[in-house]
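Trainee: Just so you know, we're using the numbering used here here: the sequence shown kicks off at 1 and counts up by one.
Do not rely on the hints blindly, as some may be mistaken.
What the hints assert, rightly or not - In silico DMTMM-like cross-links for lysine to aspartate or glutamate, where the CA-CA straight-line distance does not exceed 20 Å:
1) Lys142 <-> Glu116
2) Lys142 <-> Asp161
3) Lys142 <-> Glu99
4) Lys142 <-> Glu12
5) Lys142 <-> Glu25
6) Lys142 <-> Glu163
7) Lys142 <-> Asp157
As the list claims (entries may be wrong) - Estimated spans, in silico, between C-beta atoms of each pair:
8) Ser171 <-> Thr46: 35 to 45 Å
9) Asp63 <-> His158: 16 to 26 Å
10) Asp157 <-> Arg20: 15 to 25 Å
11) Asp140 <-> Pro44: 12 to 22 Å
12) Glu26 <-> Arg111: 34 to 44 Å
13) Thr146 <-> His37: 13 to 23 Å
14) Arg76 <-> Ala47: 21 to 31 Å
15) Pro44 <-> Thr78: 36 to 46 Å
If you're looking for bench data, these hints aren't it; they were derived computationally from the structure.
Cβ atoms here follow ideal geometry from the backbone N, Cα and C, with glycine treated the same way.
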Amino acid sequence: MTVLDAETIRTERLTLLPLRVEHAEEMASVLADPDLHTFIGGEPATARALRSRYERLVAGSPDPGVSWCNWVVRFRATGDLAGTVQATVTTDDRGSAAEVAWVVGTAWQHRGVATEAARGLVAWLATRNVHTITAHIHPDHKASATVATRAGLAPTDHWHDGEIRWQLTPS
Numbered sequence: 001m002t003v004l005d006a007e008t009i010r011t012e013r014l015t016l017l018p019l020r021v022e023h024a025e026e027m028a029s030v031l032a033d034p035d036l037h038t039f040i041g042g043e044p045a046t047a048r049a050l051r052s053r054y055e056r057l058v059a060g061s062p063d064p065g066v067s068w069c070n071w072v073v074r075f076r077a078t079g080d081l082a083g084t085v086q087a088t089v090t091t092d093d094r095g096s097a098a099e100v101a102w103v104v105g106t107a108w109q110h111r112g113v114a115t116e117a118a119r120g121l122v123a124w125l126a127t128r129n130v131h132t133i134t135a136h137i138h139p140d141h142k143a144s145a146t147v148a149t150r151a152g153l154a155p156t157d158h159w160h161d162g163e164i165r166w167q168l169t170p171s
């Protein structure tokens with residue numbers, strides 16, 4: 001059973017930092033736009049609610065066969081947080097598989113941030129021998145479909161909770 005821990009990932013402009021509870025205050029501001037919840041549901045979380053959620057995420061999965069890897073996305077040039085990426089890594093008879101997701105604050109969208117962060121995450125997972133990387137994307141969420149494509153994932157014929165399963169099998 002392989003357990004992964006989030007490690008710092010560097011890309012051209014970004015640093016993906018392992019999530020800490022202390023990120024909650026700034027991330028509450030980054031994620032405050034209700035439009036971010038159009039496809040995922042819910043509403044923006046308060047700093048207090050994010051802090052509680054981050055405490056659970058940082059503590060890790062209660063299932064020893066599941067790794068919760070979560071990062072905040074930081075611009076190296078300014079130090080600003082711009083979003084999050086995550087991977088839930090499970091173990092099966094072939095090794096490790098990961099389900100990934102990303103979200104970038106409205107103020108930082110249309111700058112390639114999600115694509116760069118997702119590519120960094122996928123590359124990191126591939127170097128850890130993850131045999132399958134998946135994401136679930138709402139069929140109307142064109143921006144996330146573009147990010148998934150640019151990160152190397154392709155849509156499949158599989159649906160889950162109204163979303164299309166996208167997949168990559170790293171070589």
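Trainee: Does each hint fit the structure? Answer for all of them.
Mentor: Evaluated hints:
| no. | hint | result |
| --- | --- | --- |
| 1 | Lys142 <-> Glu116 | holds (17 Å) |
| 2 | Lys142 <-> Asp161 | holds (17 Å) |
| 3 | Lys142 <-> Glu99 | holds (19 Å) |
| 4 | Lys142 <-> Glu12 | violated (24 Å) |
| 5 | Lys142 <-> Glu25 | violated (29 Å) |
| 6 | Lys142 <-> Glu163 | holds (12 Å) |
| 7 | Lys142 <-> Asp157 | holds (17 Å) |
| 8 | Ser171 <-> Thr46: 35 to 45 Å | holds (43 Å) |
| 9 | Asp63 <-> His158: 16 to 26 Å | holds (23 Å) |
| 10 | Asp157 <-> Arg20: 15 to 25 Å | violated (39 Å) |
| 11 | Asp140 <-> Pro44: 12 to 22 Å | holds (21 Å) |
| 12 | Glu26 <-> Arg111: 34 to 44 Å | violated (18 Å) |
| 13 | Thr146 <-> His37: 13 to 23 Å | holds (19 Å) |
| 14 | Arg76 <-> Ala47: 21 to 31 Å | holds (24 Å) |
| 15 | Pro44 <-> Thr78: 36 to 46 Å | violated (22 Å) |
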